[in-house]
Amino acid sequence: MEALTTFAQLLVGGLLAGLVFALVAVGLTLIYGVMDVVNFAHGEFLMLAMYAAFGLALVGIGPLVGLPLVAIALFLFGIVIYRLFVRRLLAGPPEATVFGTFGLLVLLQGAAQAAFSSDYLNIPHPPLQGTIRFAGIAVSQATVVEGIGALLLTGLLYVFVEFTETGRAMRAVAEDRVAATLMGIDVQRINGLAFGIGAACVGAAGSLLMLSYPVYPTAGAPFALTAFVVVALGGFGSIQGALVGAVIVGLLEVLGGYYLSPELKMVPVFLAYLVVVLLRPQGLLGRR
Amino acid sequence: MRTHLVALAAIVVAGLLAAFGLRDAVLLDLLFTLFLYATLGQSWNWISGYAGNISFGHAIFFGCGAYAAALCVTHGLSPWLAIPLGALVAAALALVTGFPTLALRGHYFSIATIAVAALVDAFVRVSPWLGKANGFELPIAPGLANLQFADKGPYVALALVLFAVVQLATMRLERSRLGYYLRALRANHAAAASVGIDERRWKLLAFAWSAAIAAAAGVLYAQYNLFVDPPSTIALGISIDIALIGVVGGIGTLWGPAAGALVYVVLAKGVALKLGGTGKGYDLLIYGAIICLIAAWKPHGIVGSVVDALRRRRAAASETALERAA
Amino acid sequence: MSALLQVRGLAKRFGSLRALDGVDLDVEEGKLTGLIGPNGAGKSTAFSCIAGATKPSAGSVRFRGEEIAGMAYHRVARLGIGRTYQIVQTFAEMTVLEAVTTGALLRHARLADAAAHAEEVLAFVGLAEKRHRLGRILTIADKKRLEVARALATEPQLLLLDEVMAGLTPAECRDAVDLLRRILARGITVLMVEHVMEVLMPIADAIVVIAAGKTIFRGSAADAVRDPQVIEAYLGSPLEHGEIAS
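Quick mapping for you: the protein sequence lines, in order, are chains A, B and C.
Be aware that the first sequence starts at 348, since it is given in this note's numbering, and climbs by one per residue.
Be aware that the second sequence starts at 4, since it is given in this note's numbering, and climbs by one per residue.
Be aware that the third sequence starts at 144, since it is given in this note's numbering, and climbs by one per residue.
Hint data in this document are derived by calculation from the structure and do not stem from the laboratory.
Remember, it's a predicted structure, so these values are computed and weren't measured experimentally.
One thing to keep in mind: the hints can contain errors.
[Unchecked claim] Not the full set, but computed from the structure, chain C residues with beta-carbon under 7 Å of chain B:
| hint | residue |
| --- | --- |
| 1 | Ser200 |
| 2 | Met214 |
| 3 | Ala220 |
| 4 | Arg221 |
| 5 | Leu222 |
| 6 | Gln229 |
| 7 | Ala252 |
| 8 | Arg276 |
| 9 | Arg279 |
| 10 | Thr282 |
| 11 | Thr297 |
| 12 | Gln300 |
[What the hints assert, rightly or not] Calculated pairs, BS3-like style, for lysine-lysine (alpha carbon to alpha carbon, straight line, at most 30 Å):
| hint | chain 1 | residue 1 | chain 2 | residue 2 |
| --- | --- | --- | --- | --- |
| 13 | B | Lys155 | B | Lys135 |
| 14 | B | Lys301 | C | Lys286 |
| 15 | B | Lys135 | A | Lys612 |
Where is the CB? At the ideal position from N, CA and C, for every residue including glycine.
When you get a sec, could you build the whole thing from the sequences and use the hints?
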């Protein structure tokens, strides 16, 4: 009975963690889908968002109230980075986007370290410190808000991509860039928007994460690493794939962390990725 | 061909003079790092540059060598033995992991290398015979037989020799069937198959050689550092450093990895020293900015851009020659 | 005597779509056989199955009596079948000479021997003076020529050509026909897919017509244009009017 309760507790924890991964991963997969770029600096965008949320908390604006502000700030940051930098990378060979975004990763980590030192920073007076209990399962309020908030925002992105005019244009660009151009779609504008929205996703995720995580220069890296696996597992470019992949990865991480050991929590995740990709080289929901 | 040999000879002579002439331990340390990383970058270049399978897990092969050295020394064997042993283990690991993954396309392969490397890292951390997370401290016993020296000079010289051997091997690769086949596979795997190239066979061969080279560097590093643990040998960060060196210099070029290693050592390590050690972030800031600049303005890498320009000139020259003859 | 290439009952399904549903054809040694059919007839799929790039769902492909259907792509080339692509697939970062040398390495393991053979092939197809150009900056006609050279460098007995004439100017077409005649004169057998029949008429020794995934005609070019089934197949697809003669 106790083992069962523990298991249920882990499932809930894994699901909630997975939902946050989903929000980070959909940003990544949207950028990939539209312009075939894996943004290796995605975790560093997340880290910047966490610092922004931390800064707002210092002046009395809590992470939940500050979430739209941080999301908008990251959206603009994403567009600027696209205009100034990523657009140039796209003109080069495929590996240019790989090492260009890696360079951005190194640069942003260095900048954060120079500006804020390597200290771990927690927001002052964090809200939602209580615990929710039902059927013998206990979860912190902060985790529940993070998970549900992430699910809502992921859903919002899905609706945007599926049902709005701009979303349709994004899917058209993802499908066939040349055809989209012929149809009169401004591909540069769509790319920039997709990059901005991808960054806004981690803007929102960063705000949510400040409810229960500290921020430091490499705080985004583990989330980004997980998100890469999530996106590849689900299939590069697929939003539904990212959601499914994220929940699977969240569950495996939490279960692995408990039943193996915390430092081996990624072992089942990576094993699952290898098994999936060897059977289905395009990921669970990816297209060939 | 001649030019490359002359350049290599010049580097070897200058390097040896520096190795035995310099007394500054910091400079010697930078030189050792330079040749070590140039070798690792070239090893990465075989599979990721020439063959085009971008690996983010190359440090595990470096780790094979480092751990082979640690195990040999702690079991009373000569670390020289670790060079063939480590290379064999690394090549075997490359064959076993490459067999199912090398046919994966693009980022799916790259993420698979991260996954494999993370699993190897986890395996080391739970294996008592590999020292778990604590690693190994190697006993101090200087002497050529022990591949251990009191000064840094001989280490620099050995790293230089290893680098030179690997450069020669790469020159050979460029003028061989394997080299042509890898480039063809990178350019277009379907067209490559249509002229009878067996993708798996040739990529496995390249991957095994690539792993063996990295392992040799690992042995040297273990003997230099006299300490081997997961973060200093097989961690993701090391793999990424190796990959960045490869792309910054220019993938699939003979001198790219050396140029990349020079940028890495001068900018990431050298600048950090000038600015008062790592940990303040300025080194990363500058190194990151340089990588961004190269990616945006010289996307074929430092050497890659030069090679492109030379190739264009040669094509133009050969045609004007023909026109004149006609 | 049996044919060099013998295809029987070749079928390919993609999900519920039947792209090929019973293709039969023979290619006689030393001859040029043309494979034609209206748009969407399955020419490219059939070609791809014969070359080994696609695994057929059913049927047999025999080359010199040996079953090759479903064999690994690279092994088909080794047996002596070379091919070109409808949409050219060059080795973008290689020079012309390097690309053709890559093909020659199949039968000459030493680079120097392979390069020497590649030079001969380049002279044969007329690309010698462009040997140091990058494949990706060639004109369409030269890219197609390069693909032919790369395939010839593997020293095939059977050469599969996928719409090598498409997109060429009339003058370039004449050059291509001339090259084809010289390839045949070397004793190399050719199977050639074309969309426009006119190109094949003067050079093909035999014609195979497929429509809706099936072989509907096998015989001489002269008979093909008079065959009621062939005419119907072409006229049956309204957009293809006049293709048979124009």
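### Violated hints - listed by number, lowest first
Numbers 1, 2, 5, 6, 9, 10, 12, in rising order.
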